[in-house]
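Heads up: the sequence lines are chains A and B, in that order.
Just so we're aligned, residue 1 is where the first sequence starts under my numbering, counting upward by one.
Just so we're aligned, residue 245 is where the second sequence starts under my numbering, counting upward by one.
Hints are computed from structural coordinates only; laboratory data are not their basis.
Some hints here could point you the wrong way.
Quick look at which bits of chain A chain B covers, simulated, 3 or more residues with Cβ under 8 Å [stated by the list, open to error]: (1) 25-34; (2) 49-63; (3) 89-98; (4) 101-114; (5) 148-159.
Glycine included, every Cβ here is placed at the ideal spot set by N, Cα and C.
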Amino acid sequence: MALLSVEDVVVRFGGLRALSETNLQVEEGRVTGLIGPNGAGKTTCFNVVTGLQEPTSGRVRFDGEDITDKSPFRRARMGIARTFQKLEAFSSLSARDNVLVAAEQRRAWDRSINPKAVTQEILEKVGITEVADYMVGTLPTGTARLVELARALAAGPRALLLDEPSSGLNEEETEEMAKLLRVLVKDGLAVLLVEHDMSFVMGICEYIYVLDFGKIIATGTPAEVQADAAVQAAYLGSAAEVVA
Amino acid sequence: MRLKFKPSTLVAIIAVAVGVLYIINANRGVAPYSVANFGTVIVVGAALGGIYAISAGGLVVTYATTGIFNFAHGAIGCFLAFSYWELHVNRGWPTLLALAAVLLVEAPLLGLLLDKVLMRRLRNAPLVVQLMVTVGLMLTFMGISTTLWKPITPRTTPAFFQGHGVKIGDVTATGHRITTVLVALVIAVLLRVLLYRTRLGISMRAVVDNRNLAGLTGARPSVVSGASWALGCMTAGVAGILIAPETGMVVENLTLVIVIAFAAAAIAQLKSIPMAFVGGMVIGLAKAFTSVFVSFGTDWNYAQEAIPAVILFIAVLFLPQARLETGSVRLTKRTERLTTPKEAFLGACVMVGLVSAWANGWIPWFSGTNFGERTEIWLGRGASFLVFGLIMLSLVPLIGWAGQVSFANFAIAGIGAILFTHFGGQNGSPIGIVLVMLVCAPLGAIVALPALRLKGLYLALATMAFAEFTDKVIVRHPQMLDPSATGRLYKPMKLLGFQMSSDPADRKAFIIFLVIAFAVLFFLLEVLRHTRWARRWIAMSDSPAASATIGVNLITTKVAVFALSGAMAGFAGCMYGLSSGSFRVDSFPLFLGLPLVLLLAVQGVRFPVAAFMGAIGLASFPALFEVLGRPSFLTSVELIGPGIAAIVMVYRPEGSVFYAGRDLAGLLPWRRDAREEKALAVAKERAQDITKDEIGELGLSRPFTIEKVAQLDRALNIADEMLERPTIGMTLDDVEEVTGGAPVG
Chain A
1 MALLSVEDVV
11 VRFGGLRALS
21 ETNLQVEEGR
31 VTGLIGPNGA
41 GKTTCFNVVT
51 GLQEPTSGRV
61 RFDGEDITDK
71 SPFRRARMGI
81 ARTFQKLEAF
91 SSLSARDNVL
101 VAAEQRRAWD
111 RSINPKAVTQ
121 EILEKVGITE
131 VADYMVGTLP
141 TGTARLVELA
151 RALAAGPRAL
161 LLDEPSSGLN
171 EEETEEMAKL
181 LRVLVKDGLA
191 VLLVEHDMSF
201 VMGICEYIYV
211 LDFGKIIATG
221 TPAEVQADAA
231 VQAAYLGSAA
241 EVVA
Chain B
245 MRLKFKPSTL
255 VAIIAVAVGV
265 LYIINANRGV
275 APYSVANFGT
285 VIVVGAALGG
295 IYAISAGGLV
305 VTYATTGIFN
315 FAHGAIGCFL
325 AFSYWELHVN
335 RGWPTLLALA
345 AVLLVEAPLL
355 GLLLDKVLMR
365 RLRNAPLVVQ
375 LMVTVGLMLT
385 FMGISTTLWK
395 PITPRTTPAF
405 FQGHGVKIGD
415 VTATGHRITT
425 VLVALVIAVL
435 LRVLLYRTRL
445 GISMRAVVDN
455 RNLAGLTGAR
465 PSVVSGASWA
475 LGCMTAGVAG
485 ILIAPETGMV
495 VENLTLVIVI
505 AFAAAAIAQL
515 KSIPMAFVGG
525 MVIGLAKAFT
535 SVFVSFGTDW
545 NYAQEAIPAV
555 ILFIAVLFLP
565 QARLETGSVR
575 LTKRTERLTT
585 PKEAFLGACV
595 MVGLVSAWAN
605 GWIPWFSGTN
615 FGERTEIWLG
625 RGASFLVFGL
635 IMLSLVPLIG
645 WAGQVSFANF
655 AIAGIGAILF
665 THFGGQNGSP
675 IGIVLVMLVC
685 APLGAIVALP
695 ALRLKGLYLA
705 LATMAFAEFT
715 DKVIVRHPQM
725 LDPSATGRLY
735 KPMKLLGFQM
745 SSDPADRKAF
755 IIFLVIAFAV
765 LFFLLEVLRH
775 TRWARRWIAM
785 SDSPAASATI
795 GVNLITTKVA
805 VFALSGAMAG
815 FAGCMYGLSS
825 GSFRVDSFPL
835 FLGLPLVLLL
845 AVQGVRFPVA
855 AFMGAIGLAS
865 FPALFEVLGR
875 PSFLTSVELI
885 GPGIAAIVMV
895 YRPEGSVFYA
905 GRDLAGLLPW
915 RRDAREEKAL
925 AVAKERAQDI
935 TKDEIGELGL
945 SRPFTIEKVA
955 QLDRALNIAD
965 EMLERPTIGM
975 TLDDVEEVTG
985 GAPVG
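Build the full structure now, drawing on both the sequences and the hints.
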């Protein structure tokens, strides 16, 4: 039984079908990839899971419970956290306070933690202690993305949704990010990853869903997906130039 | 149009309808429901409705095409109506020539100027700045109109087609009214056709959805926004000129039409021109209907005037829930060092010291001693400035931290002052103050409740409607305030050894008590800023979507800050009562509350100290009058100054406290951080000289020279990224960021 499952979700914006009968399962202890060309519906899918977008039809289940009608903050309290493709950091707070807000909020449903200590621990884990006291608005985009990741982790999630975490990071930092993700899933976290950097995706995901025009066109291990003709036509064909 | 209601919405609609019918039935006037009476209602109502529809249509067009809600729409219309009076009546130009000069020359030029100087820079500004600048613009135009056309001289503009009219049954529809309805219809149709059927209109709508993408497909964002504002000003002018003969040439009346237009625009959900027309008509007919058939009795004398405010409130209630939007976070390019509690304590001591020294006459010039027998008057004024300072202080957590722009606090303070007469103000009991605060806290939250789930703009509108409703209905009800009660409503009160009353002899003690209370609240706010509450409010203001996804309950978080702010406003109201000793129904009107919000924003809405500077700012005008011997130019400065100051926020959005604080700290030898901060900010500002608009236009104009590409790179901050990722250059993400309207950097 997967921790998080999206079942037959349809999202319609007027005449446009952003998602049509999308199904995917995110399991604990591994990184699940969600890839596809721009506009395929990846971010819409994230919004449906976190409650920012109401699906036209279909259900979202978390830990066996139907959460389709729950508000975003209730889902967060159940253990779903995310980062955003377009930066949603609290730009007028310091990096430390960004993380602290999430940790303090977590105390509302988990009295056992000490927000300040948790914050420090996560800042170290993500590797942003040096910039912790700068306002996020003054940080480079890549670093601000790490702050978002740290903030998501501070909420104490069981499922973590990452929307293009490596954009804005250099190769070395991307490598660091991959290492961190491996540590996190080893501790039992379920990660759903949207990413354009193919070597990053293929290196870290155990299972991959490929979206195109709101439809899942392929699923499987990285090797299977790469070998899939439909995927190559829809996606890798055009992205290969970028990666190369 | 598709009409589809959820069951809960349907229940609410029925409930409102039943409520409205009940109120109409309970307050039936003497006029019978006759054909003749209904004829009057339709003739009068349609004419009024036509004017509201034109105003609302203009509002919707500028909002739908530029994303900026123009609070100055009514004031611009008022200014143009006065221009028309000047040309037509005063200088005797023929009607058509004067109309053409105002509507086809002056109005579009004004619109282009506003766009070029202000609005274009405002587009990417935070909502607080957008609102403050357009409200400032409103006050500026009101001030200019009052200065150029002094209200001492009565003015009238003639109605159109005077003497002509059509008799329908027993009712005569005057030529002016028929013209109004026809013009409204024509304008609504033209606007609709323009937006949906012409290339310019389609570009206009495309630009508001995604300006950079629209730019890439060949629309020119700057031409489009110029056209929007020119069009907006023209419709404002038409409405102003048509309504002037109905309301008289009075600046406040002509400007207040805007509150009604807001209601019509809210019915149109700020996007549909046909619905704006319908909304205007509904309000016009409702006003005419009630004036003929409904008599609210002496207790609710002014209820009639509050109808638009009520409709606005109800319209807001029925708006569909706003989605939590992402991708709109604006990166704030600044650093900030929080004030430590120790520094805050020192600051509080300085405030108390300064005001006490002034009250004792130790500071020349602005001290009472220099003005001889005027001392007591000045102490009294000083107290009221501090009371207004307290109201501004109540706005700091609400607007500055939580980003909730509310215009209700001034009205809440007024309600607090009235409640205090019931809760012990009449017998000098300090417990009354606590009771008032306990009532005002939930009141603040209740006012905001309908708008909590909506975009910030609707909160501003709903709170403005509440302020107008309070002004017209609540404070005028005899149960609240006996209209015959003049003289002293508040008995002197003894608190912590201070004798507080409006008696001249007590004023010095009272002002010292007030500044201590102010300083204590200031200090507590600064301490609060370091707690999780303030952090959560700021986080919510920066990104509501991200806050929700880390588990923040946005509704309760907002309610908490509204309650805090309401309680503080209630306290300020009690202090107002004690300091003035009496209360009149017109002590807290909407138009006095707006400058307070502006003054705070200009000083720096995120900083508690700005409220103190705001109080000093309030004192500065009367003080200058006193010192300079009442020169007449100062009157116009006082009228126009606050608006202009707010408009300057386009260029200095953080508020003067921020810039002055940074620059002053830079002078201290040990604050190297402040100097570096400033250098960094200046460098960043320079890098941002090229706005995204210009990127759009640069990207369009060929041929691409090396200079242009370099300029683009600089504007997009690509240079930094290239250094970090030398091999990749511009990836798909970057392209998406350019085209997707994401903040640059």
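Verification of the supplied hints:
Under a criterion of three residues with beta carbons nearer than 8 Å to beta carbons of chain B, the stated coverage of the region 25-34 of chain A fails, only 0 such residues being counted. Only residues whose C-beta sits within less than 8 Å of a C-beta in chain B count toward coverage, and the region 49-63 of chain A has 4 of them, enough to reach three; the restraint holds. Three residues within the 8 Å Cβ limit are the bar, and the region 89-98 of chain A against chain B gives 7, so the coverage statement holds. With a threshold of 8 Å between beta carbons, the proposed coverage of the region 101-114 of chain A by chain B holds, since 7 of its residues qualify and at least three are required.
With a cut-off of 8 Å between beta carbons, the region 148-159 of chain A has 5 residues touching chain B; three or more are needed, and the interface restraint holds.
When each numbered hint is compared with the structure, a violation occurs for hint 1 only.
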